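Note that the protein sequences, when read in sequence, are chains A and B. All residue numbers for the first sequence refer to numbering that gives the first Met the number 0, where the first residue is 0 and numbers rise by one. All residue numbers for the second sequence refer to numbering that gives the first Met the number 0, where the first residue is 0 and numbers rise by one.
Everything labelled a hint here was simulated from the structure, so no lab data went into it. Keep in mind that the hints are not guaranteed to be accurate.
Residues of chain B placed beyond 10 Å of chain A at every Cβ, according to the derived structure [said to hold, decoys possible]: (1) V20; (2) K47; (3) E121.
Derived pair list, reagent style DSSO-like, types lysine-lysine, alpha-carbon separation capped at 30 Å [as the list claims (entries may be wrong)]: (4) B:K119 to A:K353; (5) B:K4 to A:K21; (6) A:K21 to B:K92; (7) A:K22 to B:K44; (8) B:K7 to A:K21; (9) B:K70 to A:K511; (10) B:K44 to A:K571; (11) A:K328 to B:K70; (12) A:K179 to A:K488; (13) A:K352 to B:K44; (14) A:K353 to B:K122; (15) A:K518 to B:K70; (16) A:K685 to A:K698; (17) B:K47 to A:K64; (18) B:K79 to B:K26; (19) A:K567 to A:K701; (20) B:K70 to B:K26; (21) B:K122 to A:K217; (22) A:K384 to A:K241; (23) A:K22 to B:K122; (24) B:K47 to A:K22; (25) A:K179 to B:K4; (26) B:K44 to A:K21; (27) A:K314 to A:K328; (28) A:K314 to B:K125; (29) A:K353 to A:K698; (30) B:K125 to A:K64; (31) A:K64 to B:K79; (32) B:K44 to B:K122.
Among chain A residues calculated to face chain B with C-beta under 7 Å, some are [said to hold, decoys possible]: (33) E23; (34) I26; (35) T28; (36) A29; (37) E63; (38) L159; (39) S191.
On a predicted model such as this, the values are computed, not experimentally measured, just so you know. Don't be surprised by glycine CBs; every beta carbon is placed ideally from N, CA and C.
The primary structure of each chain is shown beneath.
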Amino acid sequence: MDTTELRREIDEMASSFLFLEKKEIDIPTAGQFLNQLEGVMGHAEALGAEEAQRLSGGLNQLLEKVVLESVDAATGFGLFERGIVLLQSVADGYCNTGRYEGSIDAFMAELAACLGIPLEPAPGETAEVLSGEAASEAPAAAKERVQDESLLRDFITEGLEYIGEIEMNILNLEQEPENKDYINAIFRPFHSVKGVASFLNLDAIRTLAHDLETLLDKARNEALPVTPELIDLILDGSDTLKAMIGQLRDVLEGREATELIDTSDLVRRIKLAEQGAEQPKQPKKLGTILVEEGIINEDELQEALERSQIPPPRKLGQTLISEGMASPKDVSRALRKQAQQVTDSNTIRVDIKKLDDLIDMVGELVITQSMIRQSDTLAALGDRKLVRDISQLASITSELQRSSTVLRMIPIKQTFQRMSRLVRDLSKNSGKLVNVVTVGEDTEIDRNMVDEIYNPLVHMIRNAVDHGMEMPEDRIQAGKPERGTIRLKAFHRGGNIVIEISDDGRGLNREKIRQKAVKNGLINAADALTDPEVNRLILLPGFSTAEKITDISGRGVGMDVVKQAVEKLRGKMDIQSVEGKGTTFVTGFPLTMAIIDGMIVKVGNERYILPTVAIRQLIRPDRAAYNCIVGEAETINVMGRLLPLVRLHRLFDIEPVHANPWEATLVVMEGEKRSKCLLVDEILGKEEVVIKNLGESLKRIKGVSGGAILGDGNVGLILDPEGLFEMAEAN
Amino acid sequence: MSVNKNLKILIVDDFATMRKVIRNLLKQGGFENVVEAEDGLAALKILKSQQVDFIISDWNMPNMSGLELLKAVRGDDELKALPFLMVTAEALKDNVVAAVKAGVSNYIVKPFTAEVLNEKIEKIVKSLAA
Chain A
0 MDTTELRREI DEMASSFLFL EKKEIDIPTA GQFLNQLEGV MGHAEALGAE EAQRLSGGLN
60 QLLEKVVLES VDAATGFGLF ERGIVLLQSV ADGYCNTGRY EGSIDAFMAE LAACLGIPLE
120 PAPGETAEVL SGEAASEAPA AAKERVQDES LLRDFITEGL EYIGEIEMNI LNLEQEPENK
180 DYINAIFRPF HSVKGVASFL NLDAIRTLAH DLETLLDKAR NEALPVTPEL IDLILDGSDT
240 LKAMIGQLRD VLEGREATEL IDTSDLVRRI KLAEQGAEQP KQPKKLGTIL VEEGIINEDE
300 LQEALERSQI PPPRKLGQTL ISEGMASPKD VSRALRKQAQ QVTDSNTIRV DIKKLDDLID
360 MVGELVITQS MIRQSDTLAA LGDRKLVRDI SQLASITSEL QRSSTVLRMI PIKQTFQRMS
420 RLVRDLSKNS GKLVNVVTVG EDTEIDRNMV DEIYNPLVHM IRNAVDHGME MPEDRIQAGK
480 PERGTIRLKA FHRGGNIVIE ISDDGRGLNR EKIRQKAVKN GLINAADALT DPEVNRLILL
540 PGFSTAEKIT DISGRGVGMD VVKQAVEKLR GKMDIQSVEG KGTTFVTGFP LTMAIIDGMI
600 VKVGNERYIL PTVAIRQLIR PDRAAYNCIV GEAETINVMG RLLPLVRLHR LFDIEPVHAN
660 PWEATLVVME GEKRSKCLLV DEILGKEEVV IKNLGESLKR IKGVSGGAIL GDGNVGLILD
720 PEGLFEMAEA N
Chain B
0 MSVNKNLKIL IVDDFATMRK VIRNLLKQGG FENVVEAEDG LAALKILKSQ QVDFIISDWN
60 MPNMSGLELL KAVRGDDELK ALPFLMVTAE ALKDNVVAAV KAGVSNYIVK PFTAEVLNEK
120 IEKIVKSLAA
């Protein structure tokens with residue numbers, strides 16, 4: 000690097016200036032000069048050419064101001080022209096004599112004066128908003144109404160959706176407060192909402208979104224630490240925004256407007272938080288980055304850290320370089336990385352629809368190959384190589400099916416995080432102190448299941464906090480820690496995901512449950528019930544009645560609804576409880592709704608698929624077990640219980656092979672509140688089938704929940720026990 | 000000389016409502032030949048597959064920000080001359096200067112009116128034609 004190079008750069012800039020077509024610096028031109036100036040500034044600094052450095056720095060600032068329209072374009076043009084000429088003579092001086100004889104002070108003073116006094120923006124332009132303060136006044140230009148109703152509706156829908164995303168990301172942020180991606184993901188919805196609100200003249204919304212955005216921007220730039228208080232504030236802010244947008248919707252839908260939401264307190268808190276802390280930033284340590292990069296190992300790092308402490312203390316990077324443990328390049332790269340705090344991600348985002356299609360196609364593939372495998376023609380050929388190849392194909396396709404199903408699996412983490420948020424809110428409202436512990440967050444579940452299981456889980460959480468957990472003073476009296484704990488645990492068992500929600504609250508009071516159940520006629524006073532049976536009473540529909548039950552250790556509010564929701568998803572639910580120690584809800588859900596474990600049964604020439612979860616028993620009864628009283632329903636005595644007989648052939652109008660129960664096979668099936676015996680000709684086997692819906696027009700066929708292609712390529716209908724029962728009862 | 004109102008304009012913003020707002024404003028200015036993209040990546044896809052004459056892009060978007068899109072456009076031999084108008088919420092110095100250095104044609108601050116938008120487009124298009 001020498002001075003001629005610097006002069007060449009400056010001359011280049013001067014000539015591009017000379018050849019400007021119009022006597023003005025428009026934005027693209029300014030960009031070009033800014034880039035050139037960056038080079039000049041760098042070189043001038045490297046050469047120690049002080050005047051060139053100051054001058055180019057000043058011109059750089061000037062151009063920035065011109066771009067931002069805080070310096071009038073014509074003034075800027077004139078100053079810039081003179082600056083370049085001056086810069087050229089400075090460069091000449093350095094080239095010829097190694098220094099500049101003249102003085103640039105007079106020009107610099109003029110430049111400083113110009114930069115210091117921002118000029119009025121040109122009329123017709125929008126007022127430039129350079130500080131947060133100014134933004135709270137609505138620019139007059141925006142007053143022109145672009146507001147039409149459909150835009151407003153779009154804004155409400157999309158805005159609420161965006162703010163909903165904040166919740167999820169904020170919980171991520173709480174765990175990794177340094178992750179810029181998370182901050183940015185929270186920042187963006189506020190930003191977008193603000194942008195549109197400004198166009199729609201929704202000043203209150205815009206101002207609040209702006210304040211929150213400013214706050215987050217500070218966090219992003221590490222001017223503010225991400226503390227729990229900050230997170231609370233952001234959550235409160237997003238709740239308020241949601242409420243404000245909700246109000247807007249009410250007004251739009253002609254409902255009576257509720258009282259205006261007062262944001263003054265919130266705004267005050269935001270302002271306080273903004274000024275609050277100028278705490279030192281804590282980026283990821285250099286050593287950590289180097290270890291992650293594999294340049295040094297943990298032991299070497301410790302060693303180097305200790306040696307850096309030996310007086311005179313040096314920086315870790317210096318120690319590493321001087322001892323030859325890392326190259327200057329490695330260290331500078333790590334430093335850069337530290338500055339950027341980039342988080343690498345080896346993932347790509349794929350539209351869920353594409354995945355669904357893929358999984359669907361793979362399902363078809365599995366069926367087709369199994370059709371080929373079962374083909375009689377193929378067996379007759381007796382070609383051993385072909386048979387071997389086909390079985391190879393079969394194992395590959397089933398592997399493919401396994402891996403494609405996994406694609407749609409996502410960790411239960413997000414659901415758990417949303418539930419943690421819920422516990423937080425609920426406990427805050429009720430004055431209880433509750434910690435949330437999550438276990439097995441990485442347990443995976445089909446994305447399509449996530450939303451489905453959320454509601455029942457929320458209900459259980461609500462119960463756990465509202466009723467299971469005691470107030471702090473009660474807990475102390477009971478000799479427990481003041482702060483209660485709710486554990487969310489997920490793990491895989493068999494083909495299911497098991498989710499446990501346990502609290503260390505007061506537990507179920509079985510005696511009171513019994514009394515209540517007797518009173519409501521669910522059991523007889525004389526019935527002997529085991530503890531688990533008593534626990535399960537609260538899941539019965541008749542249990543939670545109008546007069547509320549908070550006195551019975553609080554459980555039971557709508558638990559029957561929860562149970563039904565769980566069962567609709569083909570899941571199961573159980574309760575464990577120790578009085579005084581706590582309660583655990585155990586729910587098990589299938590990992591996916593796309594595949595069902597089915598029992599294939601045959602009636603006449605038809606084959607049907609029964610969901611295995613609903614099957615209790617398969618029996619061939621004695622003749623004596625069959626009862627038919629004239630005018631009454633047919634019943635079968637199954638181990639002492641009289642269960643109604645449902646003739647499948649009659650429901651579907653098929654000619655059966657066996658009409659007598661004692662010659663046919665009976666499937667004992669469980670519906671929502673009752674069990675019945677289903678009469679079929681024979682059981683063909685058990686198979687995992689891919690569920691296909693039957694299309695819009697066949698959606699509401701009673702007794703049939705879907706269809707599936709069986710191993711031999713024929714279609715079988717999947718039966719819905721509850722629907723069948725209803726059909727039978729209607730006859 | 001007036002600007003050809005048949006310019007094909009690509010609006011890039013992750014917020015659908017915002018795209019609609021800009022679309023409406025463009026319509027007031029007589030520009031109706033508009034396509035939309037929800038982020039930089041989607042925008043590039045469109046730019047690769049069809050002829051676009053003008054880009055209006057938001058700054059802050061997931062996946063690929065407006066600045067990254069701008070850099071990608073300027074770094075692409077076929078696209079580098081395309082007019083690129085950046086939409087920002089505030090004229091924050093760092094943002095604007097970064098965009099200017101990356102070769103943005105102009106920028107516009109939210110909220111803006113149809114007139115201002117129109118002016119900016121005309122200014123850019125005319126300077127190119129000159």
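How the hints compare with the structure:
1. V20: Its Cβ does come within 10 Å of chain A, the nearest being 5 Å, so this is violated.
2. K47: 18 Å, holds
3. E121: 12 Å, holds
4. B:K119 to A:K353: Violated, at roughly 40 Å.
5. B:K4 to A:K21: Since the Cα atoms of B:K4 and A:K21 sit roughly 25 Å apart, the hinted pair holds (cutoff 30 Å).
6. A:K21 to B:K92: 25 Å, holds
7. A:K22 to B:K44: 37 Å, violated
8. B:K7 to A:K21: Roughly 27 Å between the alpha carbons, so the hint for B:K7 and A:K21 holds.
9. B:K70 to A:K511: 70 Å, violated
10. B:K44 to A:K571: Since the Cα atoms of B:K44 and A:K571 sit roughly 46 Å apart, the hinted pair is violated (cutoff 30 Å).
11. A:K328 to B:K70: 26 Å, holds
12. A:K179 to A:K488: Holds, at about 29 Å.
13. A:K352 to B:K44: 19 Å, holds
14. A:K353 to B:K122: Outside the cut-off at roughly 42 Å; violated.
15. A:K518 to B:K70: Violated. A:K518 to B:K70 sits at ~74 Å, over the 30 Å cutoff.
16. A:K685 to A:K698: 25 Å, holds
17. B:K47 to A:K64: Distance ~35 Å between B:K47 and A:K64 Cα, so the pair is violated.
18. B:K79 to B:K26: Holds, at about 26 Å.
19. A:K567 to A:K701: Holds - the C-alpha atoms of A:K701 and A:K567 are around 16 Å apart, at most 30 Å.
20. B:K70 to B:K26: With a Cα-Cα distance of about 28 Å, the restraint between B:K70 and B:K26 holds, given a limit of 30 Å.
21. B:K122 to A:K217: Not satisfied, since the Cα-Cα distance of roughly 35 Å exceeds 30 Å.
22. A:K384 to A:K241: Roughly 66 Å between the alpha carbons, so the hint for A:K384 and A:K241 is violated.
23. A:K22 to B:K122: 15 Å, holds
24. B:K47 to A:K22: It is violated: about 35 Å lies between the C-alpha atoms, which goes past 30 Å.
25. A:K179 to B:K4: Given that 30 Å is the threshold and the Cα spacing comes to 41 Å, the pair is violated.
26. B:K44 to A:K21: Not OK: B:K44 and A:K21 at ~35 Å, beyond 30 Å, violated.
27. A:K314 to A:K328: Cα-Cα ~16 Å, so holds.
28. A:K314 to B:K125: The given pair, whose Cα atoms are some 55 Å apart, is violated under the 30 Å limit.
29. A:K353 to A:K698: The hint holds at about 24 Å.
30. B:K125 to A:K64: 23 Å, holds
31. A:K64 to B:K79: At roughly 26 Å apart (the allowed maximum being 30 Å), B:K79 and A:K64 satisfy the hint.
32. B:K44 to B:K122: OK: B:K44 and B:K122 at ~27 Å, within 30 Å.
33. E23: 9 Å, violated
34. I26: Holds. Min distance 5 Å.
35. T28: 9 Å, violated
36. A29: Cβ of A:A29 sits 6 Å from chain B, so the hint holds.
37. E63: 5 Å, holds
38. L159: With Cβ-Cβ at 11 Å, over 7 Å, it is violated.
39. S191: Holds, about 4 Å.
When each numbered hint is compared with the structure, violations occur for hints 1, 4, 7, 9, 10, 14, 15, 17, 21, 22, 24, 25, 26, 28, 33, 35 and 38.
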